[in-house]
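*Asks:* Sequences listed follow chains W and P, in order. Using our numbering, read the first sequence as starting at 12 and increasing by one per residue. Using our numbering, read the second sequence as starting at 12 and increasing by one per residue.
A portion of the hints provided could be inaccurate.
Identical copies go unnamed one by one, so any copy, or any two together, can satisfy a pair.
Said to hold, decoys possible - Quick list of in silico lysine-lysine cross-link-like pairs, BS3-like style, CA-CA up to 30 Å:
hint	residue 1	residue 2
1	Lys78	Lys125
2	Lys65	Lys78
3	Lys68	Lys125
4	Lys90	Lys125
Derived from the structure by calculation, the hints contain no laboratory data.
Here is how the chains run, residue by residue.
2 protein chains.
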Amino acid sequence: MTQVDAGGEARPTPRLGRRRDHTRDPEILEAALDVLAETGYDGMTIDMVATRAKAGKATLYRRWSSKAELVLEAVAHMKRPAPAAELPDTGTLRGDLLGMIRPPTIRDGERKLKVMAGLVSMLARTPELAEAAHEAVTEPRAAAYRTLLRRAIDRGEIPADVDVERLALVVPSLVAYRVLMARTPADEEFLRWAVEHVLLPAAGVRAGA
Amino acid sequence: MTQVDAGGEARPTPRLGRRRDHTRDPEILEAALDVLAETGYDGMTIDMVATRAKAGKATLYRRWSSKAELVLEAVAHMKRPAPAAELPDTGTLRGDLLGMIRPPTIRDGERKLKVMAGLVSMLARTPELAEAAHEAVTEPRAAAYRTLLRRAIDRGEIPADVDVERLALVVPSLVAYRVLMARTPADEEFLRWAVEHVLLPAAGVRAGA
DNA sequence: CATATACGGAACTCACTAGTTCCGGATACG
DNA sequence: CGTATCCGGAACTAGTGAGTTCCGTATATG
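Work out the full structure, taking the sequences as your base and the hints as a guide.
*Replies:* Structure (structure tokens):
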């Protein structure tokens with residue numbers, strides 16, 4: 012009857028009544044990430060997220076059908092805010108890698124790892140979550156290192172037969188272990204050591220060059 | 012009244028009735044580790060552990076006052092069974108490091124990491140657990156690498172100014188990241204790559220030596 | 001301005017689990 | 001051989017949290 016088909020206007024939601032305010036979704040997802048980082052998946056309750064976002068629990072359930080889906084979307088939401096986006100391009104691999112070490116980048120990585128810590132035990136049992144976490148946490152960082160390494164190969168600065176895929180994970184691995192297992196901050200000094208004394212030698216760049 | 016003081020005999024438990032069978036403690040702790048590896052700390056229930064150990068829940072509570080204490084002791088229990096204990100001593104750092112790559116060692120490490128995965132989110136809030144996990148998981152592996160690196164320094168094979176403490180964590184870091192984050196098995200091929208193309212170059216050993 | 005829906009918030013149901021208690025049977029001590 | 005304690009197992013208590021429902025209010029459509 013009233014269904015006049017979508018021909019007239021491409022109105023996305025032609026329904027009646029007050030419309031859902033989707034501009035608040037990011038705030039809620041950010042609140043979820045905060046709680047996740049502080050208490051982990053199992054420690055997080057929907058009430059905590061609702062309270063922190065100054066929203067009602069029913070509002071959250073109107074938008075996400077379960078805790079698992081809320082967390083999944085929150086994790087996926089971490090992909091968005093690239094912290095400084097621009098990759099350094101200094102002409103040398105060492106310069107590029109050291110140029111990656113910036114406070115905003117470090118802070119962003121530390122928060123992502125804290126969220127990750129609260130999810131690790133779920134990853135084995137929830138492939139979709141593992142996938143989302145990989146896309147949001149692991150992959151962006153790896154992609155940056157991959158690009159810098161490929162550029163260095165193109166310049167002939169390092170051998171073409173190094174394993175770029177694996178080398179791109181070296182610094183992220185060292186940082187993750189230090190933060191998650193050793194519970195020590197990955198400060199600039201440590202990152203410089205990881206670049207100078209592990210990644211660069213592994214990539215075939217001589218120490219004192 | 013009956014308290015005759017401990018002077019007469021140094022009997023540790025001079026009490027009456029059937030005595031607790033402590034020979035079963037290790038079985039129970041192993042069962043706890045299995046459940047922990049499969050479901051994580053929050054997913055683990057005392058009933059699961061009791062059932063798997065073919066014990067009653069009351070028996071577990073007679074020995075450990077809470078879930079937290081049971082887990083703590085189970086984690087500490089992982090320190091015990093050194094898998095092959097003997098460190099290789101081949102005369103070269105490369106030989107020693109490659110000699111560490113043995114199936115039992117790999118399996119032991121993989122299980123410890125699975126247990127670790129279920130604990131990561133607790134570590135930040137439970138310092139005792141973090142300490143126990145460090146002693147049982149992180150430290151033994153690091154100690155082995157540390158020893159081999161120090162020997163190589165003593166032989167003059169690698170420079171004396173390398174950071175042994177940090178280098179000892181390089182391979183464990185790469186393995187942990189691969190298993191926990193990338194959910195990929197750390198097989199022999201990967202371990203060889205980590206030794207040959209990351210740790211050895213970082214220690215100052217030339218590639219094709 | 002009537003209707004349908006969203007809002008924040010509170011109350012509610014339902015399932016699950018840490019921890020306790022009790023059972024009948026086994027075992028070590030005196 | 002009696003007693004105190006252990007055993008595995010099952011029933012019970014108390015607390016918590018996911019998900020639902022209802023409230024009074026706000027807001028967009030017709």
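*Asks:* Is it within a copy, between copies, both, or neither that the alpha carbon of Lys90 lies no farther than 30 Å from that of Lys125?
*Replies:* Answer is both; intra-copy 15 Å and inter-copy 27 Å each pass.
*Asks:* From the Cα coordinates, with 30 Å as the cut-off, is the pair Lys78 and Lys125 best called within, between, both, or neither?
*Replies:* Answer is both: 19 Å inside a copy and 24 Å across each meet the 30 Å cutoff.
*Asks:* Which holds for Lys65 with Lys78 at a C-alpha limit of 30 Å: within a copy, between copies, both or neither?
*Replies:* Intra 17 Å, inter 34 Å, cutoff 30 Å: intra-copy only.
*Asks:* Quick one: Lys68 to Lys125, C-alpha cut-off 30 Å, is that within a copy, between copies, both, or neither?
*Replies:* within (25 Å within a copy, 34 Å between copies)
Consistency with the previously given hints is maintained throughout, with no hint failing.
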